[in-house]
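Here the protein sequences come in this chain order: A and B. Note that the working numbering has the first sequence beginning at 1, numbered continuously upward. Note that the working numbering has the second sequence beginning at 1, numbered continuously upward.
Accuracy of the hints is not assured; some may be wrong.
Identical copies go unnamed one by one, so any copy, or any two together, can satisfy a pair.
[Said to hold, decoys possible] Within a straight-line C-alpha distance of at most 30 Å, the following computed DSS-like cross-link-like pairs (lysine-lysine) qualify:
#: 1; residue 1: K304; residue 2: K269
#: 2; residue 1: K53; residue 2: K24
#: 3; residue 1: K269; residue 2: K209
#: 4; residue 1: K312; residue 2: K225
#: 5; residue 1: K54; residue 2: K269
#: 6; residue 1: K217; residue 2: K5
#: 7; residue 1: K269; residue 2: K44
If you are wondering where the hints come from, they were derived from the structure by calculation, not from laboratory data.
Single-letter residue listing:
2 protein chains.
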Amino acid sequence: MKDIKTYMNELGQQARVGSLALAKANTNQKNTALENIANALQEKRNELLKANKKDLDTGKKNGLDAALLDRLELNNDRLDSMIDGVRQVANLSDPIGEINDLKYQPSGIQVGKMRVPLGVVGIIYESRPNVTADAAALCLKSGNAAILRGGSEAINSNQAIAECINQGLSEAELPASAVQVIETTDRAAVGEMITMPQYVDVIIPRGGKGLIERISKDASVPVIKHLDGICHVYIDEYADFDKAVGIAFNSKTQRYGTCNTMETLLVAKAIAGEFLPVIAESYEEEGVEMRGCSITRDYIPQAKSASEEDWKTEYLAPILSIRVVEGVDEAIAHIQKYSSQHTDAIVTEYYTNARQFMTEIDSSSVMVNASTRFADGFEYGLGAEIGISTDKFHVRGPVGLEGLTSQKFIVLGDGQIRE
Amino acid sequence: MKDIKTYMNELGQQARVGSLALAKANTNQKNTALENIANALQEKRNELLKANKKDLDTGKKNGLDAALLDRLELNNDRLDSMIDGVRQVANLSDPIGEINDLKYQPSGIQVGKMRVPLGVVGIIYESRPNVTADAAALCLKSGNAAILRGGSEAINSNQAIAECINQGLSEAELPASAVQVIETTDRAAVGEMITMPQYVDVIIPRGGKGLIERISKDASVPVIKHLDGICHVYIDEYADFDKAVGIAFNSKTQRYGTCNTMETLLVAKAIAGEFLPVIAESYEEEGVEMRGCSITRDYIPQAKSASEEDWKTEYLAPILSIRVVEGVDEAIAHIQKYSSQHTDAIVTEYYTNARQFMTEIDSSSVMVNASTRFADGFEYGLGAEIGISTDKFHVRGPVGLEGLTSQKFIVLGDGQIRE
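Extracted from the complex, chain A is given alone in its bound form (with noise of 0.2 Å):
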């Protein structure tokens, strides 16, 4: 193989040409080759098993965890969730090309905005090889050129998605430098990718938060993060008990590994004796720990003792820290001190601490009254979510289709010239 320097640069090359021959194809043409796809994994399911083997038998060789084994396997049902998520983004209406507030200026001239994709995308992913098909797809509607690196245990997967893909996009006559998979395993490449903003437009790591951060230390591209998820939940003193219990229950225990699960519970003073010995027999009984501040530990004698550290954690286990306090301007304070920024609720029936709550927590997400676990982007209607945004610049939150678009100016004049 030539050296890596070369070949990332013609990678680049070739998806600048086929970003401007997605750039110019119409929806008809994107979803037929979104079709065309689906269709393509579908005949060669056993090609993919039979690949994916490979990986599983090289990955066992190797000794990777089972968890990891687990996020590598594709097996029919997943297959099939994977064919019928390309369909979806078939199903998806086409971001490109929409034009918005076109509004007539005193001199006459018509100023809007239409949605163009960004250009080049170059996604990075660890080990499951689903990300391959879903990414490609998302790229594809969006208009934007896709260049994806997967992890080296899927290689051989990928490998035989990309060739259903390449399938696709050739039976819908559209170049096969439209989706790029990297077929080489070296972690130089990455390396590459990421400092290439000639060729790439904007990176997308799909990951654990130490993948996101190297990545992002290293990058000249701009790169699109998403880091802690430090999540709270403030139950206000002015909140509807059930609902409180609900979402409180919610938040931390419907899983407990997502960014948007609950970190931290924060209860109002005035409701804390009756709320917080109900809710912690439910987390008891669920096997939940509680880490508690001294007044939490009144009302639950059997809560461990929360430290700083506790505040500042994202447990991503059956773990939560509790906290009292004084009333809405204190869980405030604590959230705009120790969250994340990516997603926090209050349950209330107070209008005016709903409304305070929501103009000062600056988080990716702010609910009243809604479980955080909702923070997705399909929940949110986006339609599909190619990652989450902790990040305020270009795009914040869920990111779907329209986190890798752009917009231009358009003009339409009847011959105006400036005074």
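Knowing the structure of chain A, use the given hints to seat chain B on it.
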């Protein structure tokens, strides 16, 4: 003075505090601050002129050229327009807190987006002292704290303006940390400011290409870049003759030194024989030097020969390159190859050519039958312009208040939990 790193870190920390206060400030409080600033500038007119005189004297002593001294100068007219500018920003509608697209989802939650400030904006500019007031006003209105760094030759003028800003803020009970003007002329301050993402959310350099490239290269904070303006006008075979002449003339000659001035004129072969001699006469009268392809020179014998280099040049001067093309496809191909993706226009009455041009030209402004000189925040109805972005990420084209904001998701529920 303490060392620059410590100084800038303190400035950054204070800016974060200031940004919290500004994010909470309501529309009335922000407008009051802006009115107060305008009044303070009015009242301290003589002090401002005195401080500016000091800068001008130092500048003359240091041998600054006439153009730079002109940019540095404040006089009564310029002060008036600076004060008017601040009042105009007060009259703009407040972008912060605006809620868009609030829609019910199948789960019963309502999901929408609320516009929020970015946080802290760093502005780096050159000699014009009016930028200090302009930039402060736009950041303030959009709820962002600002750190401003003007040219060292304008230090006394900028500090005098800063005093008026501080007075205006304090009268409106907003902290002085909301707008900070760097007090040192040490260049190391810029180096610090663009590498402290923990305190600064975006950098906007306003000045020449050299400044912007230097800053982008070294920054670890996102930069809104305004690079070249190599703008094109394509006169289609189906152009209205009078509109074509008006737009081609205005796009070049209305002002030579601006980024949205046309640098290359493309003309469809079928109309070239009729069009070129007429427009050439106007350009000649105006003293515009023409450099053409060989066909152009058949019709305009006095034109010089254009080289490959000409198609890549932003003249910012009374020089124009001209090329005859087969039709819209060749015009688009030329623009895709040479345009800096700033502003490009087509003149045509033919619907399908206009539609193709709008779709396929990927520039921050794409125009039909209008002068490229309209590419401007005021002309686009943005109210004011803090800069122009030649990037696609986050914001593209003229940047108004909205470009200084982000959107957070808001979720309104009724006790919903996730199944």
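**Asked** Taking 30 Å as the upper bound on the Cα-Cα distance, should K54 and K269 be classified as within, between, both, or neither?
**Response** This pair counts as neither: shortest intra-copy Cα distance 58 Å, inter-copy 60 Å.
**Prompt:** Can you tell me if K269 and K44 fall within 30 Å by alpha carbon in one copy, between copies, both or neither?
**Reply:** neither (60 Å within a copy, 51 Å between copies)
**Message:** I want to check one pair: K269 and K209. Are their C-alpha atoms no more than 30 Å apart within a copy, between two copies, both, or neither?
**Reply:** neither (35 Å within a copy, 57 Å between copies)
**Asked** Should K53 paired with K24 be assigned to within, between, both, or neither, using CA atoms and 30 Å as the limit?
**Response** neither (38 Å within a copy, 56 Å between copies)
**Request:** Can you give me the call for K312 and K225, within, between, both or neither, at a CA distance of at most 30 Å?
**Result:** So K312 and K225 pass the 30 Å test inside one copy only (19 Å; across, 35 Å).
**Request:** Can you give me the call for K217 and K5, within, between, both or neither, at a CA distance of at most 30 Å?
**Result:** Both ways: K217 and K5 sit 20 Å apart in one copy and 21 Å across, limit 30 Å.
**Request:** Have a look at K304 and K269 and pick one of within, between, both or neither, based on CA distance no larger than 30 Å.
**Result:** Answer is within: at 19 Å inside a copy they meet the 30 Å cutoff, but 82 Å across does not.
Consistency note: the structure conflicts with the earlier hints numbered 2, 3, 5 and 7.
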